[in-house]
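Novice: Residue 394 in full-length UniProt numbering is what sits at position 394 of the sequence shown, and the numbering runs on without skipping anything.
None of these hints come from the bench; they were simulated from the model. Any given hint might turn out to be false.
Restricting the straight-line Cα-Cα distance to at most 25 angstroms, the calculated cross-link-like pairs of lysine-lysine (BS3-like) are [stated by the list, open to error]:
| hint | residue 1 | residue 2 |
| --- | --- | --- |
| 1 | K199 | K256 |
| 2 | K316 | K6 |
| 3 | K12 | K2 |
| 4 | K2 | K69 |
| 5 | K316 | K2 |
| 6 | K71 | K2 |
| 7 | K99 | K34 |
| 8 | K345 | K305 |
| 9 | K305 | K152 |
| 10 | K8 | K316 |
| 11 | K234 | K256 |
| 12 | K280 | K256 |
| 13 | K73 | K152 |
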Amino acid sequence: MKTIDKIKQLAKTYSEEFVGVRRYLHQHPELSFKEHQTCTYVRQQLTAIGIDTIESVAETGLLVTINGKDKGKTILLRADMDALPIQEENTVEYASQNKGVMHACGHDVHMTSLMLTAKILFELRNDFSGTVKLLFQPGEELMPGGATLVMKEAAYKSIGPIPHLGQHVMPNIPAGKVGFRPGLFMASMDEIYITILGKGGHAAVPEECIDPILIASHVIVAAQQVVSRMASPKTPSVLSFGRIIGDGANNVIPDKVIIEGTFRTYDEEWRTEAIDKLTKMVKSIAEGMGAECIVDIPRGYPHLKNDQELTNAMKKGAIDYLGSDNVVDLDLWMAAEDFAYYTQKNQACFYLLGVGNTEKGITSGLHTPTFNIDESSLETGGGLMAWLALESLV
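Given the sequences, and given the hints that come with them, work out the whole structure.
Specialist: This is the structure in C-alpha cells:
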C-alpha cells in the first residue's frame with residue numbers, strides 16, 4: 001500500500017478516538033501561559049501513543065521528536081495551546097467547564113490534529129527517513145507570544161533553521177477543504193493604549209472642565225487619516241478602536257478616557273512610520289484641546305510571510321491528498337499570528353483548515369462565544385499534516 005493511502009486509512013481509523021480528545025480539551029481550556037493541565041494532558045496522550053522523546057519548552061509547551069528509520073531531513077509541525085477569555089454560549093455536552101474561558105480560536109483542534117498526526121507518524125516511523133519535530137506552543141493569543149519564548153529555548157535552537165508547518169481553523173471554509181497562500185499572508189499587529197487626562201466636573205458647566213470624552217471623539221475620527229490619507233493605497237492597513245472607557249454619567253464629565261485599539265499592516269517600514277504619526281497626532285490633538293495624553297503602543301507580532309517554494313510544494317501535496325476541488329487559494333488575512341516569528345528565521349508555510357458546515361449550522365466566526373467546528377475536519381487536519389510532513393522529508 002502506498003504511504004498516502006496508509007495515512008488516509010490511519011486518519012480515518014483513529015479520527016473518532018481523537019474527537020474525544022478534542023472534546024476533552026474543549027471542556028478544559030486554559031488562558032495564555034497558564035496551560036499547565038493542558039500540557040500534562042497532551043504529554044499523557046503522546047506517552048500513551050508510545051512517544052518518549054518529549055521535552056518541555058516555554059514552561060507549558062512541549063517539543064516532541066519522531067525519528068524515521070534513517071537520518072535525513074527535519075521538519076517542525078506546530079500547534080498552539082491557549083484559549084481565550086470568552087464565556088462560551090454553546091449548549092453542547094462538551095462546552096467549556098472553565099467559567100469565562102473558551103477555545104474560541106480552535107487551538108483545541110490544532111492540538112488534537114497534531115496529536116493525530118503524531119500517532120500516524122509514529123506508527124509509520126519505519127516507512128520514512130528523517131525527523132519530525134512536533135511543537136505544542138503556549139501563549140499565541142497574548143503578547144509577547146509563546147513563539148518568542150520557544151525560540152529562546154536551547155531545545156529549539158539546537159534544531160537549527162528547518163521548514164516549519166502550521167495550520168489554523170477557518171469556519172468560512174467548509175470542512176474537508178484547506179487553503180494556501182504563498183508570500184504575504186497575515187498582518188503585523190500592534191496594540192494601542194491611549195489615556196486622555198482632562199478635568200472632570202458637572203456636565204452643566206462644561207466651561208469649567210476639560211472634556212476627555214469630546215477630545216477622545218476627535219482623536220478617534222482624526223486617527224483614521226493614518227490609513228485613509230497617509231498610507232499608500234497599495235499597502236493594506238487597518239486601524240481599529242474596540243474599547244472606550246469614559247467613566248462619567250449623563251450629567252458627569254469624567255477626568256479621563258481610555259481608548260484601546262489595534263494597528264495592522266504588511267509593511268514593516270510603514271508600520272514604524274504609522275505608529276510614529278499616530279502617536280504625534282493623538283498627542284497634539286489632546287494637548288491642543290487642553291488635556292494631557294499618554295500613548296502606549298507596545299510592539300506586537302510581525303507580518304507573516306509564507307515561503308513561496310515550500311508553500312507551493314505543500315499546496316501540491318494537499319491536492320494529491322485531498323483533490324484539487326478541496327484546495328483553495330486564500331486572500332490576504334488581516335489577522336495576526338505569532339507563527340510569524342518562525343517565518344522570519346525559517347522556510348515556513350501556514351495554511352488554513354476548513355471546519356465549517358452550513359448544513360449543520362456550524363458557521364460562527366473565530367473569537368465568538370458560539371464558535372464550533374465540524375469534527376470531521378480532525379481527520380483532514382491530522383492526516384493531511386502527516387502527509388505534508390513526509391512529503392517535505394523526501
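Novice: Hint by hint, say whether it matches the structure.
Specialist: Do the hints match the structure? See the list:
For the suggested pair K199 and K256, the alpha carbons sit about 7 angstroms apart, so the restraint of at most 25 angstroms is met. As the CA atoms of K316 and K6 are separated by approximately 19 angstroms, the hinted pair is consistent with the 25 angstroms bound. This hinted pair checks out: K12 and K2 have alpha carbons roughly 16 angstroms apart, not beyond 25 angstroms. Distance hint between K2 and K69 is fulfilled; the C-alpha atoms sit about 17 angstroms from each other, no more than 25 angstroms.
Distance hint between K316 and K2 is fulfilled; the C-alpha atoms sit about 17 angstroms from each other, no more than 25 angstroms. Proposed proximity of K71 and K2 is supported: the alpha carbons are some 21 angstroms apart, at most 25 angstroms. For the given pair, K99 sits about 15 angstroms from K34 by alpha-carbon distance, which is consistent with the 25 angstroms threshold. The straight-line distance between the Cα atoms of K345 and K305 is roughly 11 angstroms, inside the 25 angstroms bound, and the hint therefore holds.
Distance check on the hinted pair: K305 and K152 sit about 21 angstroms apart at the alpha-carbon level, within 25 angstroms; holds. This hinted pair checks out: K8 and K316 have alpha carbons roughly 17 angstroms apart, not beyond 25 angstroms. Restraint check: the Cα-Cα separation between K234 and K256 comes to about 37 angstroms, which exceeds 25 angstroms; the hinted pair is violated. For the given pair, K280 sits about 19 angstroms from K256 by alpha-carbon distance, which is consistent with the 25 angstroms threshold.
Distance hint between K73 and K152 is fulfilled; the C-alpha atoms sit about 22 angstroms from each other, no more than 25 angstroms.
Going down the numbered hints, you'll see the structure goes against just number 11.
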